[in-house]
Structure formats: C-alpha cells, structure tokens
Amino acid sequence: MSKYTEDDLREELKTKEYEYGFYTDIESDTFPIGLNEDIVRAISLKKEEPQWMTDWRIESFRAWEKMVEPDWANVKYVKPDFQAISYYSAPNKKPKYNSLDEVDPELLATFAKLGISLDEQKKLSGVAMDVVVDSVSVATTFKKTLAEKGIIFCSISEAIKEHPELVKKYIGTVVPQKDNFYAALNSAVFSDGSFCYVPKGVKCPMELSTYFRINQAGTGQFERTLVIADKGSYVSYLEGCTAPSRDENQLHAAVVELIALDDAEIKYSTVQNWYPGNSEGKGGVYNFVTKRGLCEKNAKISWTQVETGSAVTWKYPSCVLKGDNSVGEFYSIAVTNNHQQADTGTKMVHLGKNTRSTIISKGISAGKSQNSYRGLVQVHARAKNARNFSQCDSLLMGNDCGAHTFPYIEAKNKTARIEHEATTSKIGEDQIFYCNQRGIDTEKAIALIVNGFSKEVLNKLPMEFAVEAQKLLEISLEGSVG
Amino acid sequence: MLKINNLHASVEDKSILKGINLEINPGEVHAIMGPNGSGKSTLASVIAGKEDYEVTKGTILFEGEDIEELAAEDRAHKGIFLSFQYPVEIPGVSVTNFIKTAINESRKAKGLEDMPAKDMLKLIREKAELLEMDRKFLSRSLNEGFSGGEKKRNEIFQMAMLEPKLAILDETDSGLDIDALRIVANGVNKLKSKDNAVLVITHYQRLLDYIVPDFVHVLHNGKIVKSGTKELAHELEAKGYDWIKEEVNA
Ligand SMILES: Nc1ncnc2c1ncn2[C@@H]1O[C@H](COP(=O)(O)OP(=O)(O)OP(=O)(O)O)[C@@H](O)[C@H]1O
Ligand SMILES: [Mg+2]
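Heads up: the sequence lines are chains A and B, in that order. When you line the first sequence up against numbering that gives the first Met the number 0, it's residues 0 to 481, in that order. When you line the second sequence up against numbering that gives the first Met the number 0, it's residues 0 to 249, in that order.
Check the hints yourself; a few may be wrong.
Keeping only pairs whose Cα atoms sit at most 25 Å apart, straight-line, the calculated DMTMM-like set for lysine to aspartate or glutamate is [stated by the list, open to error]:
hint, chain 1, residue 1, chain 2, residue 2
1, B, Lys99, A, Glu467
2, B, Lys164, A, Asp429
3, A, Lys443, B, Glu88
4, B, Lys99, A, Glu428
5, A, Lys470, B, Glu68
No lab work stands behind these hints, which were simulated from the structure alone.
Let's have the full structure, built from the sequences with the hints guiding it.
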C-alpha cells in the first residue's frame, strides 16, 4: 500500500472536488456541516486510510441512515441535529493561549484542587508549552518500554496505517457497525482514538495511563478505541481525565471494543468529567457511548468507571462472556448534580459454561438530577452454572433528585444463579452534624460520606487514579447541600 | 470556660429550653440528670451548635466568647466535644479515616499542617490502647453494625484523640457493660486535667462513682431546677424525681 503525501492528497481532493459536491480546502481544519456519504469518504481520505477502511465506514453510514435514534433511556434532551454538526476537525495544533494567566481562573482553581501539575494544566487548557515538555519525554520513555515487550500502543489512525491486519481483523467484531444508532454513526465518522495490542503471554508492565492522559487533551467527538489482549496477556488501561473537559462539541459518541483472548485479562478504568452544563443544565455535553468487551476462554474483563460529567450520559459497558470460565466485572460510580441525567449500567451476556459476572453500581444524585441504573444479565441456554451478583446502591442528596434502578434478567439455563441487591439511602442531617461536631465542615463531610459510599468501586481503581477520582467526587458535589 | 445565661431554645417553634443558667470552670466535672424529655440532649446539641435548634433568648459564652454565630465545626475547633447519645453510622468510612479527617480538619483550622501519618498512627494506637479497643475495630466502618457499647467506647476514643477543652458526654454510660463502663470512665479520668472540663449527662449514679462530679444539676422541663454536690445524685437514685417536681410546683 503506497502512502499518500500531502501533495497527493491535495491533488486527489482537487480532482474529486466535483464528486464530493463541495469544496474542501485541504488547509482548512474543519469540514462544512452536515453528513452524507461524501463527507464520510472525505474523512477517510483526509486520514489517509486504506480502501477497506473507507468501505467499512461507508457501509456503517448506510446502516446508520436507516436507523432511528433510540429513546428508551430515562433521559430527556433535545435530540441533536445530525446535519448541523461538522464531522471533521483536525486536532488543533496551535495553542489557544500564551500563558496560564489567560485561562479561565475557575478552571485553574479546579485544576489546583485536583492537584494537577502546572505542566499538565497548561497542556490540558491548551497553553503553549515552553522548554521541552516533561511529559513528552515521559511518553517517549514509555513507548520504548512498551515496544521492548512488543506492545503496540498508538492512535487508531496510526494503527490503521501501521497494523492494518490487526485492525481489520478485530474492528467491529465486538461492537458491530449496526449495533446501535450511535455505534453506527461512530463507525462511519470516527475521528480518532486509541489502539492497543498486547502480545501472547505479555503482562503490560505499566498502567497505560500517564501516557494516555497526555494524549487525551483535544480528542474528538467520535472516539474509537480498540484494545486486544492476546492469549494469556494482561493490560490495565485508563481512559479519561479527572480534569474538567470543556468541549464545544455537544455530542460525543464513542465506541470502545475490548477483546480478551484465552486466559487474558483486561482492566479498563474510566474517569469521565465532560462539561455537565451550567447549573441550569445549559450547554452540557451529550455522551452516548458504546463499550463492550469480549471474553474468550478463562478470560477476564473488568470495567471500572467514575462518571461525573456530561449533561446527558447514555453508557453501558458490557461483557460478552463467550468462553467457558470467563469473568466479567462492572464497577461504577455515577454522580449527577444540578440538571444532569445519567442512564448507565451494564450488560453481562453469559454464553460459556461456568461464566461469572459481578456488578457493583453506585449512583449518587444531587440537585435536580436523575440517575438511572439499567442492567441486563443474560444467561444463554449453553451457559451451564453461570453466576451473577449485582448490587446497586443509590445515594440521594436533597429532595429534588431521583434514582432509578432497572435490573433485567433473562435466564435460559436452569443452573444459573443470579443475585440482585439494591439499596437507596439519603445523606442525613444527623450524619452531617456528627461530622461537623468533630470539626469537619459540611462540604468535607459530604465528600467523606460519598467516598465511603463509593469505596468498593474506588478501591478497584489504580491507586493514583483513585485519589484523583476521590477529589473529583468532592468537587462534583460542591455546594449541593445548602 | 462555659457560661450559659438564661438560655432559651426551640425546635420547630416548640420551646424546649426555658432559661438555663450554667457555669463550668476549667478543671470541673458537672453532671446533668433529669427525666426523659427534659431537654438534656437538646442542651448538649445547642452548645455544640446544631442548626435545627434556634436560640430564642440568652447567651452561651465559651472562654469569654459568644459562640451563638459559630458553626458547629468552628465550635469543635475551639475545643467543644460532644459524645452523642445516639452516634450515627457512616458506611464505608473507617474509624481510622474518620478520626484522621477530624484531626486534620481541626489542625487546618489552626493553620497547622496535616499530622504526619507516623504520628497519627502512634496516637491512634496509644488511645486505642487506653480504651482497650481491638485493632480490628479501627478499620471497620464508623458505627456500622457496632453494638451499643462499642459505639459509646468509640465516642470516647474520638474524644481521647481530639483532646477537647470541654467534653459533653450524653449518656455515654448507657449500653456499656460493667467492665466497659470502668474502662471508658478510666479513659475519661486519664484525660482530665485542671485545664479542661467535663459535662456528664446521665440517668444513673453508677457512672458518677467513676467520674466524680463537682456539681450535679437536675434538668426538668427545660430548666435547671436544682443543683448540688455529688450527694444529690445519690438522693435522686434513691428517691427518683417526683420530690423535685413537687418542689418545683410548690
Ligand atoms: N428535632 C426535634 N423535633 C421535635 N421535638 C424535639 C426535637 N428534638 C427534641 N425534641 C423534644 O424536646 C424534648 C427534649 O428532648 P431531649 O432529647 O433534649 O430530652 P432528653 O432530656 O435528652 O431525654 P432522654 O433522657 O430521653 O435522652 C423532648 O420532648 C423531645 O421530643
Ligand atoms: Mg437525651
């Protein structure tokens, strides 16, 4: 496969200008608004993708066109106008600011509370970096260590070019193009994302976190992630960032696919803190995510997530337990405040024998927010001795918020053992006074109580992430009890 | 140290405290007794700064300062401690983590750094030993599933950690078995000095055999209707409250 150069591209675009029905200046960073097949082709071209990838996108697009946006979730929002969005925007290379002094002080205050280093603050808020950035050299060191073990860790765009055989083999195998409305859209127009492959028997020697976080700033609207753990390998992957992400893009529709081959283990941790909108709920991000993992024999996938952001969240990290003795886990903390709405949960599909799944969901609602847990445990006929344990706890703060639990169970094998526990509690004034009396102010008291409530899930996060996530919970709930 | 003057307080427009006068000096132990519902816990909560209670008249001075406007946590930082009659549960927060947070918040208020982990650990061990508490206990969720007696012992453990100037013990003895009562009372006595003071709320003379009060007050219907020495407690134990109620009504 020959590689396009900038010039080839320019030529090609010029000649195809007609065909696309619009004029695209290759120097321009943003496509015109709207979505049609030409736009999809143009995205693929711009990203210098091989033909099979272009075709795959087109196929997805055609499927998407015939689909309707789902409305079964317990969320209310104005449906996005998909023709009013621009589907390609090159990563902004130019720094937005010259120094931190120009950045919104409120944002900086939050960074400070989270204990984010100055360098990282600059990176995250788009400030020009002087000198050689510390983090870049860290990233290089990481890359070297990983390469020595044969671990591939790069952007999905890079992977499509450098490792097409792997991408081609696995993309869309866990979340098919037509899986759902948002997944189809993502498959057609995904901007970028990450790719990770861990070879047979290799234990990834580090949390894929710091590196990722550095590359996190400015990821697109339609992120695509593909993680493959080959037989007997292990990887722990951290996605997201505790720093508040103020994105102008209102709609986010990511797809994450995890593949754990025989005896492999993937831990996937997410901290999501998209802009939730102002206290009236205006301007927040809509986050519609499809995350799914496939477990082969004796494999294990754990999803751990801390969700504090977005105006509307629609997200169900799931596990398909295909192989015998495979294990799926889902640990989640979802915080909603003000007017946020979250409909999140998981799906555990038991296909293989002796498959086991655990679901621990902690929903915290404050303000006027609505927090729903939706879980499906499915045991197929072949899945002898499948076991599931689910626990869904809700914590309410104040009288205007809501917590809802929708557990669905479908068991087609009599040997299945499924347990479900649910609790709802409220932060009591007595608890707060007790803390106050010991010298702990109300805000700190709430943080303490919330952290206690979330402990089982926080404990599942890698150490440094857990500390940040704890602070994030604190900040998300600030001022929620008057 | 504490000077309460003609204190009236109400909750939800229901008047509960109806003119309390009480002065506690450093080094003193005071006991408050009185029938159920007479307002003992209310008085404790008002001193500690619980917001549900509205002070409608009178003043509370702590070390000469009117604390009416101070939030509960600020009063705690000044050295007021309340051992609750009914300690609340905080699931998922360990005894250790809770007390660590409490100590460091108080230090922060005084402009001090967090206590180094090593010192904290040492202090916790020392005080746990003083109250003969099992180590395992310290990692359990605060008050969750604690027996009545364990809750009370844990309150005094926190008191020992925080070393308050004024400790109010609201029925700390109820729920304690005989051995535990002795241990807890010994703990309190060890913490006593000429610079701090204790206000014990109790129904029973038993506790006062260990923590010997300088003064005993009887609270009835929101007022202190009788004060005396420790002999008064014996008298109450023997005769109940009726004679006092009669005296008041006479
Ligand atoms: N939040 C409240 N709302 C309504 N009434 C209250 C409230 N708090 C206290 N009271 C009432 O005030 C009165 C005094 O209560 P308090 O708890 O102070 O009594 P106490 O002397 O501590 O009694 P006990 O010996 O049973 O502990 C009681 O009649 C009680 O019902
Ligand atoms: Mg009482």
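Q | Holds or violated: lysine 443 of chain A to glutamate 88 of chain B, with C-alpha atoms at most 25 Å apart | A | Given that 25 Å is the threshold and the Cα spacing comes to 16 Å, the pair holds.
Q) Is it true that the CA of lysine 99 of chain B sits at most 25 Å from the CA of glutamate 428 of chain A? A) 21 Å, holds
Q.
lysine 470 of chain A and glutamate 68 of chain B were given as a pair; does the straight-line alpha-carbon distance stay at or below 25 Å?
A. 30 Å, violated
Q) Holds or violated: lysine 99 of chain B with glutamate 467 of chain A, Cα cutoff 25 Å? A) 19 Å, holds
Q. Straight-line Cα separation of lysine 164 of chain B and aspartate 429 of chain A no greater than 25 Å?
A. This hinted pair holds, its Cα atoms lying about 23 Å apart.
This entry does not satisfy hint 5, going by the numbered hints stated previously; all others are met.
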